[in-house]
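Asker: With chain A's structure known, arrange chains B, C and D on it following the hints.
4 protein chains.
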Amino acid sequence: MPDTSCTLDVRVRYAETDPMGVLHHSRYAVFLEMGRTELLRKNGVNYRDLEAAGVLFVVTHLEVRFRSPARYDDVLAVTTRLERVSTARIDHVYAITDRATGRLIAEAATTLACVDTDGRVQAIPADLRGRMGWSGPTR
Amino acid sequence: MPDTSCTLDVRVRYAETDPMGVLHHSRYAVFLEMGRTELLRKNGVNYRDLEAAGVLFVVTHLEVRFRSPARYDDVLAVTTRLERVSTARIDHVYAITDRATGRLIAEAATTLACVDTDGRVQAIPADLRGRMGWSGPTR
Amino acid sequence: MPDTSCTLDVRVRYAETDPMGVLHHSRYAVFLEMGRTELLRKNGVNYRDLEAAGVLFVVTHLEVRFRSPARYDDVLAVTTRLERVSTARIDHVYAITDRATGRLIAEAATTLACVDTDGRVQAIPADLRGRMGWSGPTR
Amino acid sequence: MPDTSCTLDVRVRYAETDPMGVLHHSRYAVFLEMGRTELLRKNGVNYRDLEAAGVLFVVTHLEVRFRSPARYDDVLAVTTRLERVSTARIDHVYAITDRATGRLIAEAATTLACVDTDGRVQAIPADLRGRMGWSGPTR
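Protein chains in written order, with this note's numbering: chain A, 1 to 139; chain B, 1 to 139; chain C, 1 to 139; chain D, 1 to 139.
Looking at chain A on its own, in the form it has when it is part of the complex (with noise of 0.2 Å):
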């Protein structure tokens, strides 16, 4: 029974952070990538792989909603849950907290569109699928 949901401990970089001391609002997309792969890695899939047999996804929607600011050298815990999957996107949800304190540091949503290698919008392959452990219905 494959996971739709996971959680990665990411360490703010000094690299990562503003004059004001806090993690670059950028640089929150990344750390929900990151989430991403570990999500399909935790479920026997390497997104290197997928790319590699053709398969690549693109992100189409990006919300983040900032609530708390992050610290350099602070332990984040992003935890992604796959929401939705249809003929050809994916919809993942976020939530990114402090690992110290638990405290909400911001949740955050994804579409993502499976494109092939001329980024044309292909089916998302049926085994995929199935080891994304999406059981409800294809929309």
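A couple of the hints might just be wrong.
What the hints assert, rightly or not - Straight line, CA to CA, 16 Å or less: simulated EDC-like cross-link-like pairs of lysine to aspartate or glutamate:
#, chain 1, residue 1, chain 2, residue 2
1, D, Lys42, A, Asp73
2, D, Lys42, D, Asp9
3, A, Lys42, A, Asp9
4, B, Lys42, C, Asp73
5, C, Lys42, C, Asp73
6, B, Lys42, B, Asp74
7, C, Lys42, B, Asp3
8, A, Lys42, A, Asp3
9, A, Lys42, D, Asp73
Hint data in this document are derived by calculation from the structure and do not stem from the laboratory.
This one's a predicted model, so the numbers in the text were calculated from it and none came from an experiment.
Answerer: Frame of chain A, contents of chains B, C and D only:
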């Protein structure tokens, strides 16, 4: 009469593109930030001076719709428009297009909160509000 | 007669500065890469076209001496000079100064190797060599 | 007895790789910085606390030799070794290898200068020097 929108050209750097050969989605937030800085500059405000005066802005909400990929060395036109100013918050909306073809690359929206050096929300100073060209009601 | 040096202005972005309020040292390599791209462009060469033609360049050596900090919104003048071209390698040297004050910010040097799409070192194509303006002996 | 070297594993992120599919050369400096932070941590020193106490370190020299490319999702072992401590400067040397194969990815060296919050060079505090495990003469 202050400007409430501006367009800034930004050339996509090699280091900003990913293995798919396109501008990585996390980089758009950086371009939006540059657009906001430019809009302030057009109205005679330097964000660096604001920070030195204890008037900081943090991004509390970010949303991006990615419409079409941008590639290395493409010149993008980042149009930033002031959408709304409330007591302590500023909303901007953005359109990013390809300078050469006019193709829409992305649409985006952000909300900023005005904070002091300790990160506490504070009212946007009246003179700054005036220079941003916001003539509507305070909400 | 091709140019063997050029100067490109780059404005320091907020997202590139760190908690000390200065341009993070890892970002200089990106500015140097922009300088090299610009020098090629001045000589009618587009690095994107080179890549498409299977002529890639990888950095094999990087050295930077950081002389003085650069701050958010500073405009830096990145001067790139072609230093030497051998069969498969190109050396550049750089000086980065503050546009407003002329102060020296950093000095740098890089070595690039010409590789094919599989990463194997290959000779720099003769016509490219000519367009880069290298009239000295091949070493 | 303090440690004068340590090894930190870092997984290459998608956002850190370029159109050639390899870790962008500008990112190595970030990994070196993480290695230095980790070496301090091993000796009970938190760089964040140092900054709060007005003891800052700026990179004055960086040199990297890139030996072999690293790819997305590779786990790299970043070995950091304290090379020399003088009154106000610290030299480190580094080796980055591929965790899975042992292949050498890069070698590097940095020099840091100890500065105060105004950026003026200051002597490294004696207790910090002790915790870094430098038993040699002060130069």
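Asker: Next step is simple, just say for each hint if it's right about the structure.
Answerer: Right, here's what the structure says about each hint:
Between Lys42(D) and Asp73(A) the CA atoms are separated by roughly 14 Å; this keeps the pair inside 16 Å, and the hint holds. The straight-line distance between the Cα atoms of Lys42(D) and Asp9(D) is roughly 14 Å, inside the 16 Å bound, and the hint therefore holds. Taken as a hint, the Lys42(A) and Asp9(A) pair is honoured in the structure, with Cα atoms around 14 Å apart against an allowance of 16 Å. Restraint check: the Cα-Cα separation between Lys42(B) and Asp73(C) comes to about 14 Å, which is no more than 16 Å; the hinted pair holds.
Proposed proximity of Lys42(C) and Asp73(C) is contradicted: the alpha carbons are some 26 Å apart, above 16 Å. For a cut-off of 16 Å, the pair hint linking Lys42(B) to Asp74(B) is broken: about 24 Å separates their Cα positions. Restraint check for Lys42(C) and Asp3(B): not satisfied, since their Cα atoms lie roughly 35 Å apart, outside the 16 Å limit. For the hint pairing Lys42(A) with Asp3(A), the CA-to-CA distance comes to about 7 Å; that is within 16 Å, so the pair holds.
About 14 Å separates the Cα atoms of Lys42(A) and Asp73(D), which keeps this hinted pair within 16 Å; it holds.
Checked against the numbered hints given earlier, the structure breaks hints 5, 6, 7 and satisfies all the rest.
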